[in-house]
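**Student:** One letter stands for each residue in the lines below.
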Amino acid sequence: MHKARQNPLHVAAAHGALILYCVIALFPVFVIIINSFKDRRSIFREPLSLPNAESFSLIGYQTVLEQGDFFLYFQNSMIVTVASLFFILLFGAMAAFALAEYRFPGNTIMGLYLALGIMIPIRIGTVAILEMMVATGLVNTLWALILVYTAQGLPLAVFILSEFMRQVSDDLKNAGRVDGLSEYRIFFSLVLPLVKPAMATVAVFNMIPIWNDLWFPLILAPSEATKTLTLGSQVFIGQFVTDWNAVLSALSLAILPVMALYVIFSRQLIRGITSGAVK
Amino acid sequence: MKSIRIKWHIIVFLAPAVLVYTAVMIFPLFNTLRLALYTEIDQTRVFAGLQNFQTLFGDPRWSESFWNALGNNFWFFFIHMLVQNPIGIALAAILSHPRLRFAALYRSAIFVPTILSFVIVGFAWKLILSPIWGIAPEIMDTVGLGAFFRPWLGLEETALTTLALISVWQFVGIPMMLIYAALLSIPEEILEAAEVDGITGIAAFWKIKLPLILPAIGIISILTFVGNFNAFDLIYAAQGALAGPNFASDILGTFLYRTFFGFQLQLGDPHMGAAIASAMFGVILIGVCIYLFGIQTRLRRYQF
Chain A
1 MHKARQNPLH
11 VAAAHGALIL
21 YCVIALFPVF
31 VIIINSFKDR
41 RSIFREPLSL
51 PNAESFSLIG
61 YQTVLEQGDF
71 FLYFQNSMIV
81 TVASLFFILL
91 FGAMAAFALA
101 EYRFPGNTIM
111 GLYLALGIMI
121 PIRIGTVAIL
131 EMMVATGLVN
141 TLWALILVYT
151 AQGLPLAVFI
161 LSEFMRQVSD
171 DLKNAGRVDG
181 LSEYRIFFSL
191 VLPLVKPAMA
201 TVAVFNMIPI
211 WNDLWFPLIL
221 APSEATKTLT
231 LGSQVFIGQF
241 VTDWNAVLSA
251 LSLAILPVMA
261 LYVIFSRQLI
271 RGITSGAVK
Chain B
1001 MKSIRIKWHI
1011 IVFLAPAVLV
1021 YTAVMIFPLF
1031 NTLRLALYTE
1041 IDQTRVFAGL
1051 QNFQTLFGDP
1061 RWSESFWNAL
1071 GNNFWFFFIH
1081 MLVQNPIGIA
1091 LAAILSHPRL
1101 RFAALYRSAI
1111 FVPTILSFVI
1121 VGFAWKLILS
1131 PIWGIAPEIM
1141 DTVGLGAFFR
1151 PWLGLEETAL
1161 TTLALISVWQ
1171 FVGIPMMLIY
1181 AALLSIPEEI
1191 LEAAEVDGIT
1201 GIAAFWKIKL
1211 PLILPAIGII
1221 SILTFVGNFN
1231 AFDLIYAAQG
1241 ALAGPNFASD
1251 ILGTFLYRTF
1261 FGFQLQLGDP
1271 HMGAAIASAM
1281 FGVILIGVCI
1291 YLFGIQTRLR
1301 RYQF
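For the protein sequence lines, the chains are A and B, in the order given.
Read in order, the letters of the first sequence correspond to residues 1 to 279 in this note's numbering.
Read in order, the letters of the second sequence correspond to residues 1001 to 1304 in this note's numbering.
Check before you lean on any hint, since a few could be wrong.
Distance condition first, Cα-Cα at most 20 Å in a straight line; then the derived DMTMM-like pairs of lysine to aspartate or glutamate [said to hold, decoys possible]:
#1 B:LYS1126 / A:GLU46
#2 A:LYS173 / A:GLU163
#3 B:LYS1007 / A:GLU131
#4 A:LYS196 / A:GLU183
#5 B:LYS1209 / B:GLU1195
#6 B:LYS1126 / A:ASP243
#7 B:LYS1126 / B:ASP1141
#8 A:LYS196 / A:GLU163
#9 A:LYS173 / A:GLU183
Distance windows between CB atoms, simulated [to be verified]:
#10 A:ASN52 / B:LEU1155: 31 to 39 Å
#11 A:LEU256 / B:LEU1155: 55 to 63 Å
#12 B:SER1063 / A:GLY106: 41 to 49 Å
#13 A:THR108 / B:MET1140: 53 to 61 Å
#14 A:TYR113 / B:GLN1266: 37 to 45 Å
#15 B:PHE1030 / A:LYS196: 32 to 40 Å
#16 A:LEU256 / B:LEU1214: 33 to 41 Å
#17 B:THR1200 / A:LYS196: 56 to 64 Å
What the hints contain is simulated information worked out from the structure, not anything from laboratory work.
Using N, Cα and C, we set each Cβ at its ideal position, and we do this for glycine too.
Chain A extracted, bound-state conformation:
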């Protein structure tokens, strides 16, 4: 069944519109990165031209690497993001399994209780969270951030994962039970491997907001030793406002890791958004 729905003029217009928007979307990133490789004079004289032999300079990167502890910031961001994702996935999957698998009094209420946090931002509770972290001595530790991000990620994780766990076949689990597997073994060795794609979706959903968050690092862990990359670059840029080379290089260094993550996970991210989130 072939229809001549493709009017070449329309196709050209569609590509034109999309290319125009892609330019708008990518232009700022492009300008920042090319200028980070130029010397100060060329940044101002020809901001839109690519660096050439004459204007090429790494002075900005030199300043950044000497003045800011970007490796430490990167490491902190990495620890916080990976640990939070680990706890979100582990605790979220366990709770989702309990809600999806067993019928017990309060099951529905528990599900609703855990779903509350999907719509209510955790930032509203900041005043009391800070007070609690001060009281427990967790302020200015990475644990404070890990706990907050775990709590923030759990509601959606439980919601998505329990939907998927309801689809795991009962026969499989019952066969396991007949073979004498404990409920824990059934969960860890039978069910978890089957919901891996859903776990990946949850991980990718949570990764970027955690990595990019500025609010909680600023409030709960602003010390030099616990700064995340987002907070570290914010503070660094604030101090070096007039050193354009350093600012542009710091921005490029902050863009780099997220872009790398995006290139690795963009398929999963896009599939996750387009499959799960619409319902």
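Use these hints to put chain B onto chain A, whose structure you have.
**Tutor:** Just chain B now, kept in the frame of chain A:
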């Protein structure tokens, strides 16, 4: 024969998530609402009833800032609804066209700003719009609009709208993706039936597709609402905690931050901060309720 013994494994499975969620999210949320009812006198905490809210809404020194921030926040949201959603829908409509080449490439490129942190986005646009660097005026010159350039982020009348548009630039990928998914889930038969009746192209979009993606637009609207009313990072990164010029870009998030931690000569006040957070909670709750009971139930959902 009913077993009354406790099923321990259920408790073990639920406990970690419920404990962390309750201790770090739900309890602090209610504790913040409670702290809003207290105040500090001579370094001891005393119960003050609704006095903080009276101050916040009634005392001109506070209420002026509060209503300014709330009004700005609504304008911020309004710009998002007016610009972000139509652009997102238009991009999704073009992308969902069958047999469009490079669709995946376009999608990935348009989504790039969404993954960047507010710090990067805020500073990058600050530099580009800066009259010192001159990228924006130069580009406008080449298309003959050079005379219209203004230092938008530095002017009271335009700072907030400019920031809202920067935020739209950053997040347009999300409505685009959700609408795109909704458009793809429309069965081919419906579109073919419409085609037989002579409804094609733009008309098919307005008459067939748009009504079918209304629920997705509703979800995007409420997500945008919640996101906008606890926004903070972009304005803090681009304009600082003072949300200048002269508080023209102050929204509830920056107002909460300043009140909680103090700025310039004013000391931080956790109780007033809690009162502002409670007000934000109220606004978000009202928005979510309007969506859940007023909009979502009225949107007709089609099962395919």
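**Student:** For every hint, state whether the structure bears it out.
**Tutor:** Hint check:
1. B:LYS1126 / A:GLU46: The given pair, whose Cα atoms are some 18 Å apart, holds under the 20 Å limit.
2. A:LYS173 / A:GLU163: Judged against 20 Å, a Cα distance of about 17 Å means the pair holds.
3. B:LYS1007 / A:GLU131: violated, 36 Å
4. A:LYS196 / A:GLU183: holds, 19 Å
5. B:LYS1209 / B:GLU1195: The given pair, whose Cα atoms are some 13 Å apart, holds under the 20 Å limit.
6. B:LYS1126 / A:ASP243: It holds: about 14 Å lies between the C-alpha atoms, which stays within 20 Å.
7. B:LYS1126 / B:ASP1141: Judged against 20 Å, a Cα distance of about 19 Å means the pair holds.
8. A:LYS196 / A:GLU163: Between LYS196 (chain A) and GLU163 (chain A) the Cα gap is close to 13 Å, so the pair holds against 20 Å.
9. A:LYS173 / A:GLU183: Holds: LYS173 (chain A) and GLU183 (chain A) sit about 9 Å apart, inside 20 Å.
10. A:ASN52 / B:LEU1155: 31 to 39 Å: Given a distance of about 36 Å, which is inside 31 to 39 Å, the answer is holds.
11. A:LEU256 / B:LEU1155: 55 to 63 Å: Given a distance of about 33 Å, which is not inside 55 to 63 Å, the answer is violated.
12. B:SER1063 / A:GLY106: 41 to 49 Å: Once the Cβ atoms are compared, 44 Å apart, the range 41 to 49 Å for GLY106 (chain A) and SER1063 (chain B) holds.
13. A:THR108 / B:MET1140: 53 to 61 Å: holds, 58 Å
14. A:TYR113 / B:GLN1266: 37 to 45 Å: For TYR113 (chain A) and GLN1266 (chain B) the Cβ distance comes to about 38 Å; the hint holds.
15. B:PHE1030 / A:LYS196: 32 to 40 Å: holds, 36 Å
16. A:LEU256 / B:LEU1214: 33 to 41 Å: holds, 40 Å
17. B:THR1200 / A:LYS196: 56 to 64 Å: Distance hint for THR1200 (chain B), LYS196 (chain A) is violated at roughly 42 Å.
The structure fails to meet hints 3, 11 and 17 from the earlier list, while all remaining hints are met.
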